[in-house]
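J.: Chain by chain, the residues run as shown.
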Amino acid sequence: MLEIRNFRKAYHGQLVLEIPQLTFGDGVHWLRGINGSGKSTFFRSVAGMLPFEGEIRLEERWEVNQNPVDYRLRVNYAEAEPLYPAYLSAFDLISFVAKAKKAPKEQVAELVDRLEIGDFWKQPVGTYSSGMLKKTSLVMGFLGQPRLIMLDEPLITIDDRAVSNVCKLIADEYKKGIHFLLSSHQDFRLTDLVLDAAYVIQDKTIRQAVN
Amino acid sequence: MKNAVFRTLVTEFYRQNSGFFLILLLLGFGIIRSDDHIALFRYALAAPAALPYYFALWALYALKTSAFVRQQFREPSCQFLYHLRLYPSMQRYLTWWTVQLGLLAPLWAYGLWMCSYADGQWLSVALVLSCLVALTVLPARWYEYLVRNPVREARNRKVARNRPLPVWLFFFAHLFRQQPLLLVLTKLFSGAVLIGVCLLYPTDDYDERLLAIGALIGGLAHLGLAQEQYVFEHRYLLFLRNLPRPFAVRFGTLALEGLLLFLPETLLLARYLPEGVSAVLVLKVVVFYTGIRLAALHRFYVRERYLEQVGAYGLWGFIFGLVAIMFRLDIAIAGLALWGYAAWVSRFRYFASESAG
Chain A
334 MLEIRNFRKA YHGQLVLEIP QLTFGDGVHW LRGINGSGKS TFFRSVAGML PFEGEIRLEE
394 RWEVNQNPVD YRLRVNYAEA EPLYPAYLSA FDLISFVAKA KKAPKEQVAE LVDRLEIGDF
454 WKQPVGTYSS GMLKKTSLVM GFLGQPRLIM LDEPLITIDD RAVSNVCKLI ADEYKKGIHF
514 LLSSHQDFRL TDLVLDAAYV IQDKTIRQAV N
Chain B
516 MKNAVFRTLV TEFYRQNSGF FLILLLLGFG IIRSDDHIAL FRYALAAPAA LPYYFALWAL
576 YALKTSAFVR QQFREPSCQF LYHLRLYPSM QRYLTWWTVQ LGLLAPLWAY GLWMCSYADG
636 QWLSVALVLS CLVALTVLPA RWYEYLVRNP VREARNRKVA RNRPLPVWLF FFAHLFRQQP
696 LLLVLTKLFS GAVLIGVCLL YPTDDYDERL LAIGALIGGL AHLGLAQEQY VFEHRYLLFL
756 RNLPRPFAVR FGTLALEGLL LFLPETLLLA RYLPEGVSAV LVLKVVVFYT GIRLAALHRF
816 YVRERYLEQV GAYGLWGFIF GLVAIMFRLD IAIAGLALWG YAAWVSRFRY FASESAG
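Line by line, the protein sequences give chains A and B.
Residues in the first sequence are numbered from 334 upward in steps of one, following my numbering.
Residues in the second sequence are numbered from 516 upward in steps of one, following my numbering.
If you are wondering where the hints come from, they were derived from the structure by calculation, not from laboratory data.
Everything numeric in this text was worked out from a predicted model, so none of it was measured.
Check the hints yourself; a few may be wrong.
[What the hints assert, rightly or not] One side only, chain B facing chain A, incomplete, derived with CB under 8 Å:
# : residue
1 : P563
2 : V682
3 : H689
4 : N757
5 : P759
6 : R760
[Stated by the list, open to error] DMTMM-like mimics (lysine to aspartate or glutamate), calculated; alpha carbons at most 20 Å apart, straight line:
# : chain 1 : residue 1 : chain 2 : residue 2
7 : A       : K501      : A       : D446
8 : A       : K432      : B       : E748
9 : B       : K673      : A       : D452
From the three backbone atoms N, C-alpha and C, an ideal C-beta is built for every residue, glycine too.
Construct all of the structure, not just a fragment, from the sequences and the given hints.
T.: Given below as structure tokens:
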């Protein structure tokens, strides 16, 4: 599903992550790592938000730099700690992203309903709690018809009911053929989510976890 | 605490505005000699009616410093400033006055330099010192308001609440809500320059190059807004680079924002265009203005560290632009070249460029 070759990311000459070759197969994958290990850097690179050396190719067809628009149409990302302008509403932001990601009209309403943001989504972001902000970011992460969705710490700051909703949403979307890369400090094995593989990010690289 | 406040509000002000001060020094003491300064303020001291021109310029500078303080209060990394509320009010006021004195140090230096040439003009000296004291003391009341009102609840907009705000208005919403002073000062300055050259034009044997120089200065004044737009996008709209927006959509949105941003100057120019000057010049100025902003913004997209060089861009842009205009380079051609550069970056470099991350 996702192939990474000769990946190298450094900040100001300081190496953060180096992946000579790695393939993520179909399914739901869990990426683990301590704080500062490079999980968000990896996700942002795969999402096309950070430049890097190397090649990231989706389904052997779309390369992040060679096919920037087609690739981004198929790869979504929801930030761990989103920051949005306080005076815009989730409605403004979601409508904009939905249009850019060519989301079907009914999809926005369905996601707003499933993640229960309908009560506040027309209020300015500045009035949101961290959980409301996180739900907004998650809705944006599911918009369009992606092949891969990356959710950075999707379960933090949201309540138990929302955790259950997110897990159900992931399971439902997976059944439709969408693949997931998830990062979390929380143990996904304690949720209903079925994971296909776990990866660990340490020593500035990523490898498949043994258990 | 005092030391931390001073470093956050004063040292940081001078660090972030080093380019501005460089330009000010080069223009204010390079082009104008110190003898000219002395002659000018001796005249103003002898005829106090001329002093308000100085005071108006000083007030603009003081406004810039207060806008910076307000901006720092809103920075998530500077939230510790609100702890000042726990200090006794007298101590707080002393801190504000010290901070403002530090921020206005260049004005005080200039004002005292003026006073040293007073030659017994005590009324003028009193006016100069009163102005400086007022600019130092009065902002404390506003800083006190800032520290007492840490949470500003975001308000619902009043119009079209059931329609999403179009993306080309996001940055305008940011400017009006978060940086109104930057917007107003930029617009006042560029508008005044344009009206100034338009009114000056018929008074002597000038040609269109005078208007072009006005357009150059007004356009360069918008570099700060280009810098603000980059920071806005990379702080609050990081997800933009994950969106599959084709070149035409990305570039078209920025071009539309530019045309809207320069609408006041375009209208002013159309209104004050001197007799005998072709209306085509208005179009040329629009292309040039918008080109400067677009090129600067895309320069920042290429490499974020260029943000710190915005002052140098302003200075070199002014020098090269001035020379090119004096050699009769058509500003429409210069504007199209700037648009071309921005389009090239947007088409081929945007997604591979370095962002804040």
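J.: With 8 Å as the cut and Cβ atoms as the points, is B/N757 at the interface with chain A?
T.: B/N757 check passes; min Cβ-Cβ to chain A is 4 Å, inside 8 Å.
J.: So if I understand the rule, the pair passes when the alpha-carbon distance is 20 Å or less; does B/K673 with A/D452 pass?
T.: Since the Cα atoms of B/K673 and A/D452 sit roughly 18 Å apart, the hinted pair holds (cutoff 20 Å).
J.: Does B/P759 hold up as a contact with chain A if the rule is Cβ-Cβ below 8 Å?
T.: The hint holds - B/P759 has a Cβ within 8 Å of chain A, the shortest such distance being about 4 Å.
J.: Per the CB criterion, is B/R760 less than 8 Å away from chain A?
T.: This hint holds: B/R760 lies near chain A, its Cβ roughly 5 Å from the closest one there, short of 8 Å.
J.: Can you verify the interface hint for B/V682: is its Cβ closer than 8 Å to any Cβ in chain A?
T.: 5 Å, holds
J.: Decide if the proposed pair is consistent with the structure: A/K501 and A/D446, CA atoms, cutoff 20 Å inclusive.
T.: 13 Å, holds
J.: Check the hint pairing A/K432 with B/E748 against an upper bound of 20 Å on the C-alpha distance.
T.: Within the cut-off at roughly 18 Å; holds.
J.: Under the criterion of a CB-CB separation shorter than 8 Å, is B/H689 in contact with chain A as hinted?
T.: Interface hint status for B/H689: holds (6 Å vs cutoff 8 Å).
J.: Could you check if B/P563 really has its C-beta closer than 8 Å to a C-beta on chain A?
T.: 45 Å, violated
When the structure is compared with the earlier hints, a violation turns up for hint 1 alone.
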